[in-house]
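Since the structure of chain A is provided, determine the placement of chain B on it from the hints.
2 protein chains.
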Amino acid sequence: MNIHLERGSGIPLYRQIVRQVREMILAGTLPPGFHLPPERRLAEALGVTRTTVINAYEELKDEGFATAHVGRGTIVLSPRHPSTIADTSHVMAWNRLFREETARPPDPLLRDLLDLTTKEGIISFAVGVPSRDLIPLSLFKNTVNRLLDEAGAETLHHSPTEGHPPLRESLSRWLTARGIRCSQDEVLVLSGSQQGLHLVARLLVHPGDTVIVEEPSYFGGLEALRRAGARMIGIPVDDQGMRVDLLEAILERHRPKLIYTLPTFQNPSGMEMSLERRNKLLALASARGVPVLEEDPYSELRYDGSPIPSLKALDTTGVVLYLATSSKILFPGLRIGWLVAPKPVIRQCTLLKQSEDLHTNTLGQFVLDRLFREGHVEQHLDKLRSVYRKNRDLMEAALQKHAPEGMTWSRPRGGFYFWCSLPDGVNRTQLLASAAAKRIAFLPGHACFVEETGRFYIRLNFSAPSPSDIPEGVERLTQAIREAIAERRPQRDRLVPMRPIV
Amino acid sequence: MNIHLERGSGIPLYRQIVRQVREMILAGTLPPGFHLPPERRLAEALGVTRTTVINAYEELKDEGFATAHVGRGTIVLSPRHPSTIADTSHVMAWNRLFREETARPPDPLLRDLLDLTTKEGIISFAVGVPSRDLIPLSLFKNTVNRLLDEAGAETLHHSPTEGHPPLRESLSRWLTARGIRCSQDEVLVLSGSQQGLHLVARLLVHPGDTVIVEEPSYFGGLEALRRAGARMIGIPVDDQGMRVDLLEAILERHRPKLIYTLPTFQNPSGMEMSLERRNKLLALASARGVPVLEEDPYSELRYDGSPIPSLKALDTTGVVLYLATSSKILFPGLRIGWLVAPKPVIRQCTLLKQSEDLHTNTLGQFVLDRLFREGHVEQHLDKLRSVYRKNRDLMEAALQKHAPEGMTWSRPRGGFYFWCSLPDGVNRTQLLASAAAKRIAFLPGHACFVEETGRFYIRLNFSAPSPSDIPEGVERLTQAIREAIAERRPQRDRLVPMRPIV
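These protein sequence lines are chains A and B, in that order.
Anchor point for the first sequence: position 397 equals 397 in the working numbering, and the numbering is continuous, going up by one each time.
Anchor point for the second sequence: position 442 equals 442 in the working numbering, and the numbering is continuous, going up by one each time.
Isolated chain A, as found in the complex:
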């Protein structure tokens, strides 16, 4: 495959690649079924970044010239209607019109792996969702029918941007009972807590501003910050949570606009920040006036030990913005989360939300309000904890039985995840291919870091799979890991516990 790039021609390099590959396909030089070179290899051969090649392959896929699947690479398709396609792409070169900061290619590996989880027969430890069997369907049905009868069209009409007032009241009571004293004016109902990550980033972070994050951290949180243009600095997490001892020097040097943390049963590490570190973090952030965004989706799902107060409950200076959600404990599809914050922050986030989606869906808010108000949430949590505790124990037992030498993990006291470190030098491509062949899915850890690390981590979810699938899935997974160890290649990357950021 012979590609010649003209630098300085004014035509973006990825467009040059697209055009030449397209011509080769149309000319029959590259026949249907031909495997295009892996992105990294073509990038090296042409002396361009991997992103350039990814963009080119994405465009070829959009135009119907190629297709891609995990483990099989990018494959040429027989072209349909090539003339129409060529005309339209000539008129509107959309990729040139997009803002660079906001338009970025997706992580193809991650997308393919998540696609995989929807396939039949797969045992998936990949996604962080509640068990389908534990979604309280009849409770929902009864509540919806009662509400449609009692409140009528109100439940399907517009509601305030800040949230359905009774739900804001229910939430402020629920939170106050957990040590987070707040009025309903300090609660903003969100279209899922992801919206809170986005709004806070949009409100506080200019492109180029520094934000402190944990490493590893929640993929979607990092993504929202990245798309806001944040320059992220990662602080490692150990078995006591964020290494707060490293924070002071970083605050001094980088003057961040925000500190983003999941202190309780962190996604993906499962770790819990100690009370001592929580207090230290708050003291440092308050002293310097750096807002702390605390995301807390898992604290109700504790299987061992005593509760540690949330940062927001410990906060005496109003420095903490607190995010939580119904998605991990009730109905992920309702898309309802909430932000607790000082009123000026609530007001500005409300204005932004109004310009972005007017308000959160109304019926879902009515339902959630009733479930909180009538005590159903408490009851349901008891059930979840009992099932998920057993799942965690099953997964730990299976890991102890099957894990190869060099694979390590910590037992989480709550939440949804085991975070596993794989033996040095495991062949990643081989692991992904083996796992796909064995119909087992997991989240590769690289998505949870600011930049790729040398070591290969994986996140295993134990809430979604059925108890009977857990031992079987762990066995398949560890077999795939053993195969990838057998394929071990000389290691180029080294483990770097923390990049030289201070």
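Among the clues, some could well be false.
Since the list gives no way to pick out one identical chain from another, each pair is judged satisfied if it fits inside one copy or across any two copies.
What the hints assert, rightly or not - Derived DSSO-like pairs (lysine-lysine); straight-line CA-CA distance at most 30 Å:
1. K280 / K438
2. K343 / K61
3. K141 / K383
4. K343 / K119
5. K280 / K343
6. K343 / K390
7. K119 / K280
8. K438 / K141
9. K438 / K61
10. K61 / K280
11. K390 / K438
Just so you know, the hints here were simulated from the structure itself, not pulled from any lab data.
Bear in mind the structure is a predicted one, so any value in this text is a computation, not a measurement.
Chain B in isolation, oriented as in the chain A frame:
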């Protein structure tokens, strides 16, 4: 009230105002019930912008030192817990941490007027919503119950960011039947069409970029563009829609990133763009590669005349991004809209949406799919058209009967609104106060312009009020207008049909 500002002190002016007013309140110099000076007057007296004073008053309200209502101004409250308040605001000066482009004060007039519409006994022509009596409640209830039985937990679980696949298919069929030939891959389900305005703005508009809008235009669209940092240039709308004859010179000169239009039964003017202008607009935009964002919430609600194809249906070059919604015809509270666009745009908007709210609520998508698939939407539209046509005729008859000399409007052939121009020199403050006293609400037209205009317009909605309220409401409104004419003051502003932008 004696305020002394130190410029160059490093303390923002609005903070200086807050601090001094707070001190006067705490010292008792400004007693509870004292009316603070109107924002504009204080701004003039201190030589600061009105925004500075608005920010200061907002902060005083947040801190519990003042309250405000339309027609009564900003009033001092007796301070509660002043010491705590002082402490917290000292620690976290939130208003200093917000990004200037994204954090802007709300339009207080608009907010107060919309608040008013929720009060008992008000006849409201202010908001653009369907009639509560026409929300198909039992259809919803039957469909939800069937879905919960048939599809179970699936309806409450996560669904793809692009949208529930069957709904994308239903929508692509519905649209294709209306001349918009699209595959389901070219449809992105949104959390309301407002989200589409925001995502397209975020994807295509850099702060400072030029965007062409109609004047007047949809308030929420302007707001989304404004918050993306767009520099907006308005093109006037006449009874044939946007003055496309003015477009070419503006495109030449300003190289805009986007043209935003509501060609069919425009909000707020009710006007419909002629076929000739539609074709001209598309030719100009295609020739220059400027994307056109067509928002089309009202085209199904036609009461007279024959349909004119949407811009998207006429588009042969892929230049149009098309937005529509279920909110005006079915359930506003479900928050479901859709974007039809070329695949590269769908892909980037999907990635942005994923980082902002993961996906649109699942159950609402299941319901909407069924209603489209089973033909209920067509049936329901017949009913809506018949009721709203009568409402429009009632409102026109009442306006003809009661309107004072100099008040003008055009009869809309579809949609939700009468757009009325008031007699020159009407006293706005007086009109708002009189309308509030007579318990009648409307949308003041200034919110629909890029900048304030000299003439005073109002938008009257006829879909939401009950038929019996329409004559009564129009009579009250015209009485209020007569009172404001009686208070007529010498006119300082002049009507400027178009600012010198070319």
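Hint-by-hint comparison with the structure:
| no. | hint | in the structure |
| --- | --- | --- |
| 1 | K280 / K438 | neither (46 Å within a copy, 58 Å between copies) |
| 2 | K343 / K61 | between (47 Å within a copy, 10 Å between copies) |
| 3 | K141 / K383 | both (19 Å within a copy, 29 Å between copies) |
| 4 | K343 / K119 | between (45 Å within a copy, 24 Å between copies) |
| 5 | K280 / K343 | within (25 Å within a copy, 49 Å between copies) |
| 6 | K343 / K390 | neither (41 Å within a copy, 45 Å between copies) |
| 7 | K119 / K280 | neither (46 Å within a copy, 48 Å between copies) |
| 8 | K438 / K141 | neither (38 Å within a copy, 43 Å between copies) |
| 9 | K438 / K61 | within (27 Å within a copy, 61 Å between copies) |
| 10 | K61 / K280 | neither (50 Å within a copy, 33 Å between copies) |
| 11 | K390 / K438 | within (25 Å within a copy, 64 Å between copies) |
Checked against the numbered hints listed earlier, the structure breaks hints 1, 6, 7, 8, 10; every other hint is satisfied.
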